[in-house]
Amino acid sequence: FPSGAREVRVDLRLGPAFQVRGRVLNEHGLGLAGATVTSFYSRKSTATSVADGSFLLDHLDPGRDEHHLTARKEGYVQGDARVRTQGLLVEGIELVLTRGTSVRGVVLGTDGAPLAGAELYIGFSPFASDRLDATSDANGAFLFPNVGAGSRTLVAQQAGFSAHRSVLEVPAQPPELAPLVL
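According to my numbering, the sequence shown is numbered sequentially starting from 1.
By construction, these hints were calculated from the structure, which means they are not laboratory data.
Take the hints with a grain of salt, since some may be wrong.
As the list claims (entries may be wrong) - Quick list of simulated restraints, FRET-style, between CB atoms:
(1) A128 x P62: 25 to 33 angstroms
(2) D130 x G4: 24 to 32 angstroms
(3) G29 x F127: 27 to 35 angstroms
Virtual Cβ for every residue (Gly too), placed ideally from N, Cα, C.
Input sequences plus hints: build the corresponding full structure.
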C-alpha cells in the first residue's frame, strides 16, 4: 500500500439465486436444442436448451420484480418472455422461436457502384438487445435471413459516406421481401 493508505475489508455474503426453468419451442410446439437463453438484467447468466428444449437459467437476482428473458438460435427470430420473480424458482416458461422473413439487398455508393464491407444493422438503436447485423459482400449484397414481422429500422454505414436509415414493414408472409437498394 502507498504511504498513509489504509486497508479496507469487505465481507460479501451471497444468498440463494432466483432460477427460471422452461422450454424453448419452435412455432410448431417442438423443443429446440442449442438455443441460448439469457436475462437482460444478468448477461453473465446463460443457459443452453437441451434436446427437448428444456433449460434452467440460474444465478438471477431474486430482488428484481421481473426478469426479461431472451432465447436465440441461428436461423430463428429471437423469442422473449417477461417473468415475475416469485420465490426462488419459476417453472413452465415457454420461449417460442419462429422463422422470420429474409431481408436482402445491395448497398451502392453515390456513383452507383456496389460498396463492399458496409456495416448494416436492424434495430431501434446500435445498442438494441435484439439487434441483427450484416456486412455487404464484394458485390455490395447483404442478407438478414430471419427478421421478425413488423416495423423495423434498417441502418447502413460505410466509412466516407453518410449513414442510410430506413424503416421497413416486414410481413410475416411471404418469407422474403423484394431486394432493397440502399
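Here's how the hints hold up against the structure:
1. The supplied range of 25 to 33 angstroms is met by A128 and P62, whose beta-carbon atoms lie about 27 angstroms from each other.
2. For D130 and G4, the Cβ-Cβ distance of about 50 angstroms falls outside the hinted range of 24 to 32 angstroms, so the restraint is violated.
3. At about 33 angstroms, the CB distance of G29 to F127 agrees with the hint of 27 to 35 angstroms.
Hint compliance for this structure: hint 2 is the single one not met.
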